[in-house]
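S.K.: Guided by the hints, dock chain Y onto chain R, whose structure is given.
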Amino acid sequence: MTDISAGVPPTATTEPKTSLVASDARTRRRNAAEKRFRAYGMVAIGVGLFFLIVLAVSIVRSGLPAFTETVLSVEFTVSEEQFEDAESQILKTAVYEAIFVNALNEQLQAKNLDVAFDAAAIGRLVGKPGATIRTFFRENGDQLGQPVNFDLTAASRVDGYINGRVTRDTLVDSRFLQGSDLDLVDALIEAGIVKERFNWNFLTGTDSGVDNPGGAGIGASVIGSFFMMLVVLVLSLPIGVAASIYLEEFAPKNRFTDLIEVNISNLAAVPSIVFGILGLAVFIQFMHLPQSAPLVGGLVLTLMTLPTIIISTRASLKAVPPSIRDAALGVGASKMQAVFHHVLPLAAPGILTGTIIGLAQALGETAPLLLIGMVGYVAREYPEAFLSGFVEPNSAMPAQIYTWASRADAGFYEKAWGGIIVLLIFLLAMNIIAVLLRRRFERRW
Amino acid sequence: MADTSLEIAEAAQQDPEAAIKIKSRGVQVYYADNHAIIDVDVDILDKTVTAFIGPSGCGKSTFLRCLNRMNDTIDVARVEGTITLDGEDIYDPAVDPVQLRAKVGMVFQKPNPFPKSIYDNVAYGPKIHGLARNRAELDEIVERALRRGAIWDEVKDRLHAPGTGLSGGQQQRLCIARAIATEPEVLLMDEPCSALDPIATAQVEDLIDELRQNYSVVIVTHSMQQAARVSQKTAFFHLGNLVEYGDTEQIFTNPRDSRTESYITGRIG
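Going line by line, the protein sequences match chains R and Y. Using my numbering, read the first sequence as starting at 1 and increasing by one per residue. Using my numbering, read the second sequence as starting at 1001 and increasing by one per residue.
So here's chain R without its partners, still in its complex pose (with noise of 0.2 Å):
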């Protein structure tokens, strides 16, 4: 202290003596620096916001028409002798085909929109509804008589037109629907027959052919995704924090640790791709695994994963106030009881949410995916049965995002959009889950 005053230029006290309420020409120039980093802040938080709000704009204006589907909705009756007579003819859809088209005439014309079309301009719009009928009666022979209601899935080009996607410019030469048929559904709209609703087979249903955009849904690869991350859990969560304790409180430091430190950190850096690669390597062409399956996905998914877990958990582990194990080993607990009883605790709410992290990385990370053959697989079945979830293949959700992001009909680009909302909602609740786990079992000391 002394030598610091001693140091002082005796100048200084021959200075004027400043007033307090003056602000002297530094302090203004701090005082405009200090503001100028609050703006700068603020400009760049103000950045950031924009193009979130812009990203989930964008990506809910896109995504929703996934989760609705155009139904062509109606009404009408078959006597029991039209159904004798249906089911005695050879063509017997072709006449349940007729009934429906003349019930939907008389609607029509009921409401005085009179349009002309055919039985191939109803192919076109939904596809054979005459099957679909004589089923229905063939099993509900009681509904015969009465007035039955019939929700016709309509084409997915139908549903394009609806949603703005169809034009008549972009189907001059389409073979799927032509320009009339939208004048049929222009009236068919005015007379409240074609309707949306809520597509849940979206959500439940499988994989379609490259041709069906509409019957596309995302269940099956939300299951391969779900096997995928009991996988990594299993395997990650224990052997990363076995990893990070043994690490962080009982290996020796000496070069070989430090070496497997740095390796470790190195790995998180390591691009997903060359996991992918290295999986195809070792899981497939050494071991055998089977291709495109849960199991394999998870397996590499893991080895992506461990570094994330390892070095949050031993973050989590380092940041337990050493006075702790002082307590525990001064008390005559041993160096395992002291981290069980008490380091271990007081870290897991931090190795929780860094293992969520990793798992929710993990549940959106598609490159590895590719190598192993789940991009691009049809996931059109569900697994038989819970052990067969791991072997059998099947796709992921981010791969069948990609897988209908890069298909040629435009209908899949809307699904893409629509998976990437269950996507982040899947994130979304595993981030939320991890904020409440960590208040819940977070202690103060």
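There may be inaccurate statements among the hints.
As the list claims (entries may be wrong) - What follows is a list of derived Cβ distance ranges for each label pair: (1) Y:V1095 x R:Q291: 52 to 60 Å; (2) R:G48 x Y:S1167: 40 to 48 Å; (3) Y:D1033 x R:A319: 25 to 33 Å; (4) Y:H1035 x R:A251: 50 to 58 Å; (5) Y:D1033 x R:I425: 54 to 62 Å; (6) R:S265 x Y:Y1030: 25 to 33 Å; (7) R:P322 x Y:D1033: 43 to 51 Å; (8) R:G46 x Y:L1239: 42 to 50 Å; (9) R:M336 x Y:G1057: 27 to 35 Å.
To be verified - Calculated Cβ distances over 12 Å to all of chain R for the following chain Y residues: (10) D1039; (11) Q1213; (12) S1262.
Note that these hints are calculated values from the structure, not bench results. A virtual CB, placed ideally from N, CA and C, is assigned to each residue, including glycine.
M.R.: Leaving out everything else, chain Y in the frame of chain R:
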């Protein structure tokens, strides 16, 4: 050094009932290349409060941590020489440091209760050492420890409140209660009052005086007044050397070494 051993011999002659609890001979401690403790010989008596005084960095805490092998947790620390507890070498490879620490309890500079209930803080040691056969016995041990830690009356109505919610002085007494719950034979205290206000300090000092009835207490302190108030024996450390060891009264009134005199009169340190 000759002085010190003479002093020890004298002490033993003066008070033959006070048995030697811990005996250290030629103890050296190295932190990597740093020679932190140089050739320390000291005899710590049973049922006596021994104070270690000395300027910061003189090695008194380091030496204290040798007595229950807490230095084992520091990778770079290396201890040489012999320290015996009741005639048994505590650095013998056959000795389990965990068993040693059950006999030689420790209270730290900063109160460090576990972030658990007051009850669990005290019950933890007895639980892991299997001192209680059932819940009732454990309750009894906890109550006895808290009573001896002079904190029972303040916490008896909130045994299941978190120990971290207590005031600093209460926390430190809780830590003392936790340390004595395992029935140690020696209690090491590393500046137990440095984070406490004068009132809490007085309470802890009274407690130390009472603990002398049952235990051998070794206390590291920066406060010479505290050493004079609570201890019967004082050891003065300087730059890793044990400069002088003897009766507290003699050290403070008639120090033999000029360095001790300089320190207690405030010229060094």
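S.K.: Each hint: holds or not?
M.R.: So, going through the hints one by one against the coordinates:
At roughly 58 Å, the beta-carbon separation of V1095 of chain Y and Q291 of chain R lies within the given 52 to 60 Å, and the hint holds. About 44 Å separates the C-beta atoms of G48 of chain R and S1167 of chain Y, a value consistent with the hinted range of 40 to 48 Å. Look at D1033 of chain Y against A319 of chain R: about 30 Å separates their beta carbons, and that is inside 25 to 33 Å. The supplied range of 50 to 58 Å is broken by H1035 of chain Y and A251 of chain R, whose beta-carbon atoms lie about 27 Å from each other.
At about 59 Å, the beta-carbon gap between D1033 of chain Y and I425 of chain R stays in the expected band of 54 to 62 Å. A hinted range of 25 to 33 Å holds for the C-beta pair S265 of chain R and Y1030 of chain Y, which are about 31 Å apart. The hint said 43 to 51 Å for the Cβ distance between P322 of chain R and D1033 of chain Y, and at roughly 23 Å that hint is violated. Judged by the Cβ atoms, the range 42 to 50 Å given for G46 of chain R and L1239 of chain Y is violated: they are separated by roughly 60 Å.
Distance hint check for M336 of chain R and G1057 of chain Y: the Cβ-Cβ separation is about 33 Å, which falls inside the suggested range of 27 to 35 Å. Look at D1039 of chain Y: its CB is around 27 Å from the nearest CB on chain R, clear of 12 Å, so calling it non-interface holds up. The beta carbon of Q1213 of chain Y sits about 21 Å from the closest Cβ of chain R, which is more than 12 Å, so the claim that it is off the interface holds. Against chain R, the non-interface label of S1262 of chain Y holds: every CB pair exceeds 12 Å, the least being about 22 Å.
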